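Chains F and L, in that order, are what the protein sequence lines are. Counted from 1, the first sequence has number 37 at position 37 by the working numbering; the numbering is strictly sequential. Counted from 1, the second sequence has number 118 at position 118 by the working numbering; the numbering is strictly sequential.
None of these hints come from the bench; they were simulated from the model. For clarity, every value in this text was computed on a predicted model and none was experimentally measured. Using N, Cα and C, we set each Cβ at its ideal position, and we do this for glycine too. Any given hint might turn out to be false.
What the hints assert, rightly or not - Some residues of chain F that are not near chain L, with every Cβ distance over 12 Å (derived):
no. : residue
1   : Ser62
2   : Leu90
3   : Ile97
4   : Ile182
5   : Ile186
To be verified - Computed footprint of chain L on chain F, listed as stretches where at least three residues anywhere in the stretch have a Cβ under 8 Å from a Cβ of chain L:
no. : segment
6   : 12-18
7   : 32-38
8   : 42-56
9   : 98-106
10  : 113-122
11  : 137-147
Unchecked claim - Label-pair distances were calculated between CB atoms; the ranges are:
no. : chain 1 : residue 1 : chain 2 : residue 2 : range
12  : F       : Gly157    : L       : Thr252    : 25 to 33 Å
13  : F       : Asn46     : L       : Gly289    : 49 to 57 Å
14  : F       : Ala3      : L       : Gln125    : 18 to 26 Å
15  : L       : Asn351    : F       : Asn46     : 38 to 46 Å
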Amino acid sequence: MSAVLPLSLLTYWAALTVMLRFRKYDYNKRLAASVGLLLFLLIPFNGIPAYQYVRGYVGDLSISTSILICSAALFRLSGIRLISASNCKLTLAAFSIAAIAFYPAALGAGLFDPYTLGYASLGMPAVLGMIALAAWLAGAWPLMWCIVGSVAAFHFGILESSNLWDYLMDPLLCGYALTHTIRHLIRLARGKLASDTRSDTQAGSAI
Amino acid sequence: MIRSTPSSIRRLLTHRSLSLLAIALVFGLALRSYQTPTEPRFALDSDTVPAAHASPLFESGFASDGITQLVHAPAVAETAEGKLLAVWFAGSREGATDVNIYGATFENGEWSEDRIITSPTLASQSLKRYIKKVGNPVIARGPDDRLWLTFVTVTAGGWATSSINLAISDDHGETWSTPRKLVTSPFLNISTLVKGTPRFYEDGSMALPIYHELIGKFGELLRVSTDGEILSKTRITSGTDSLQPVVLPGATDNAIALLRHSGSIDEREVLLARTDDGGKTWTEATGTGLPNPNAAIAATRLPDGRIMAVANDTAKDRFRLALMVADADGTNWTTVRHLEDDTILHHSGLNADDYGIIMADALADEGAPEDRIAANAEAAVHSQCRRVSCRFQYDYPYLIRSGDTFHLLYTWNKTYIKHTRFNMAWLESQI
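With the rest of the complex left out, here is chain F (with noise of 0.2 Å):
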């Protein structure tokens, strides 16, 4: 239980704190705003803190969540950025094709569990461990070290699940990352019909 609340305050607070719009803020109101939400989430009310009712509903995040979220508070207070756009699209488009391939089975369609893989066995690690090579050599950061950190992270036994897919992902990210990839790809193809109409019609002017 030692590590897992502090980490669980510090994801919470990072989530909270992306979605507070803060850019019409200069720098020091955006840190306090910040540093008063952090206080709010420690406040008790009926003797549990703040943050505790928000684990009560929505558990532990994910490893690859911690990552991420901090990564998008660093750059909402500060303006640091540490993933690229185009490496944020691809992180989340690898969540997305995790997420429909394993929750319906995990939760029950049909007899095969893959949830079941994550519980002390060699084969998940390892096919976890070349996708962070091919993310390696794709220069997919981001990817990289979601992998990377959720497997260190469940070595130690950081979270209370004994189970690495909890590491790697949740519902929260994964919902998000399906929501973000559709909308992508929605406005690609937007963009293609787009282009593919002014080229008809270019084409149509020029007979």
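Position chain L relative to chain F; hints supplied.
Same frame as chain F, but now just chain L:
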């Protein structure tokens, strides 16, 4: 304003050699620390059985003291000292925030006063998260004589959003370890519950039957190490119709699971699945022919391997509770006796006033404390009567064997936890 990343941080995060080293280090550690789990082999009961000429024993009485308005879902274990420790949940109504997990001890033929084992407040403090309600406790004694208590907690929504927690007692139930959350589902860890009696493997790990009831309804078997870590999880059934598995080891590597059926009312019968590899895989569940009104089942093995079960043998509602015996492979079921049977009263369309009178008489017959009968009858009217009529309900049985004596606990009209004990001599006289 977007600032470019300080170059040193970016270089560190994207340095190819350092990144590769990180991959090698982390995965090397993971491989190095991997330990192959021991093969699951069920530990079989080693209770000795006294000689068959013991005189028949059949006794019953209330285990709870009737103080709380509603009680439900009992479980019981025999401690290493030979006492029984029963647990259940109770409060003003099922799912209320005043519901606590209670316990009582059976010693020298008498049940102690109820005591609170945990509550939403206590659970919130020990689990370090907000808990709205607690329920469905299950208890068992492990091969190391420690008591294992699992119970469900809910933060938002109903029982379908439950998660399970584990506490262990090293002193026969006097005190409990700080509960720990068992993470069994990747979707916010919700919708895992417990009901069936835990079994144990030869290495001391626990085989805990669990089930899900959000979207799908299906049974699973969890293997939990002696340190409380989940080692594996196996799906017993899939789909939307089965839950609350009861696992009955027959040998070290094979077992039968009986499951409650929650499908359409015309199809409901107790389901049966088998494993031949210690619970790693299960056959497709098939019907046993025993009617099941979407209600919990309890079962245990007799010393000769036959199966004894307690369940509601009705198509709808839980007004009758039957004791049944089957062959070791779960076939050829025979009803031995109806432990509770209010068929006529249940269908007679009693109004609340008549029901209250009948309930008060029944409470007196069962030996409820005189000064609580009126309040208990009123509580039963409150929980069991609707506008049209009132019902009788005997459900959520929990059955264990101790030598040649069997202890059965079940919910009695949501008003008391009833304890019935009988021995092999009595059972053989009934078959």
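Given the hint of 25 to 33 Å, check if Gly157(F) and Thr252(L) actually sit that far apart at their C-beta atoms.
-> holds (30 Å)
Given that the segment 98-106 of chain F was listed as covered by chain L, double-check it with a C-beta distance under 8 Å for 3 or more residues.
-> Held - the segment 98-106 of chain F has 3 residues with a Cβ nearer than 8 Å to chain L, which meets the minimum of three.
Is it the case that Leu90(F) keeps its Cβ farther than 12 Å from each residue Cβ in chain L?
-> holds (14 Å)
Can the segment 12-18 of chain F be counted as covered by chain L under the rule of three residues or more with Cβ-Cβ separation shorter than 8 Å?
-> violated (count 0)
Check, residue by residue, whether the segment 42-56 of chain F contains three or more positions whose beta-carbon lies closer than 8 Å to a beta-carbon of chain L, and give the verdict.
-> holds (count 6)
Are there three or more residues in the segment 113-122 of chain F whose C-beta lies within less than 8 Å of some C-beta in chain L?
-> holds (count 6)
Measuring from beta carbon to beta carbon, are Asn46(F) and Gly289(L) in 49 to 57 Å?
-> holds (51 Å)
Check, residue by residue, whether the segment 137-147 of chain F contains three or more positions whose beta-carbon lies closer than 8 Å to a beta-carbon of chain L, and give the verdict.
-> holds (count 4)
Please settle this one: Ile186(F) was flagged as non-interface, so is its CB more than 12 Å from every CB on chain L?
-> holds (25 Å)
Are all beta-carbon distances from Ser62(F) to chain L longer than 12 Å?
-> The assertion about Ser62(F) is violated, with a minimum of 9 Å to chain L.
Should the hint that Ala3(F) and Gln125(L) are 18 to 26 Å apart at their CB atoms be regarded as holding?
-> holds (19 Å)
So is Ile182(F) really clear of chain L, every C-beta pair being over 12 Å apart?
-> For Ile182(F), whose nearest Cβ neighbour in chain L is about 20 Å away, the distance exceeds 12 Å, so it holds.
Of the numbered hints stated above, those contradicted by the structure are hints 1, 6 and 7, listed in ascending order.
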